[in-house]
Structures are given as structure tokens and as C-alpha cells.
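Engineer: Modelling step: build the complete structure from the supplied sequences, incorporating the hints.
Sequential numbering of the sequence shown, starting at 1, is according to UniProt numbering.
Watch out, some of these pointers could steer you wrong.
[Stated by the list, open to error] Calculated pairs, EDC-like style, for lysine to aspartate or glutamate (alpha carbon to alpha carbon, straight line, at most 16 Å):
(1) 45 to 72
(2) 45 to 20
(3) 42 to 72
Just so you know, the hints here were simulated from the structure itself, not pulled from any lab data.
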Amino acid sequence: TASERPFVDSEFPAAAASIDGHTGGATGSAAVPNCGCGEKAKLLKVSRDGPNQGRPFYGCLQRACRFFSWADHAPSTATASSLRWQRCGPPAFRVVTKPSGFAPTHV
Numbered sequence: 001t002a003s004e005r006p007f008v009d010s011e012f013p014a015a016a017a018s019i020d021g022h023t024g025g026a027t028g029s030a031a032v033p034n035c036g037c038g039e040k041a042k043l044l045k046v047s048r049d050g051p052n053q054g055r056p057f058y059g060c061l062q063r064a065c066r067f068f069s070w071a072d073h074a075p076s077t078a079t080a081s082s083l084r085w086q087r088c089g090p091p092a093f094r095v096v097t098k099p100s101g102f103a104p105t106h107v
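Structural biologist: Right, here's the structure in full:
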């Protein structure tokens, strides 16, 4: 029955992207870009307060050039990808109330 199926939150799926916000999956949908120095860019996150705080971006590893590129499709972190998701069943207890219902004084 429907009440026996586990709850699924459509806005927080059991996926690495729910943890780190990276939507590129385990390997990413795009290769890591090279910065202006010709080196592989480093995956970083915006630390300043504001609407982009926590958003991933690529920047120069050596900070020698001013390379910047949003990394919205970056691969998930190893930590987020390695998490094991578990589903819990419904609680195995019953709430017992008086015929008048529950009141804060019952606690």
C-alpha cells in the first residue's frame, strides 16, 4: 500500500548532488578547463556572503592569472559520491492520548 512505501523527497533526492550541489554526477559532464596559464584549473567554492555563496567555480591553481568559470556541472566530490543512503521504515511505536486529546501538560 501507499503507506508502506518509503517517503521520497523530490527536492532532496538520494544523490551526491543533494550533498555537495554538483550536478555533473560521479565523473562530471565536462572536463576540467585549463586556466590562462595552461594548467588545469582548481575547483573552488564561493565563500563570500551572497546569493552565490557555496556555488562551485574553477579558478587558477596558482592564482597567477585571473581565470574564472562557473562549475555548475562539476563532478561530485569523492565524499558525497561515497555516501551510502539508507531509508528508515515507519516508527514502531504508537502515540497514546486521552479521549480529550493531547495537551502540553501530558509531557
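Engineer: Next, verify each hint and record whether it holds.
Structural biologist: Hints, verified against the model:
1. The hinted pair formed by residue 45 and residue 72 meets the criterion: a straight-line CA distance of about 11 Å does not exceed 16 Å.
2. Annotation: proposed proximity of residue 45 to residue 20 holds, straight-line Cα distance about 10 Å (limit 16 Å).
3. In summary, the hint linking residue 42 to residue 72 is supported, as the alpha carbons are separated by about 14 Å, within the 16 Å threshold.
The structure fails none of the hints (numbered hints given earlier).
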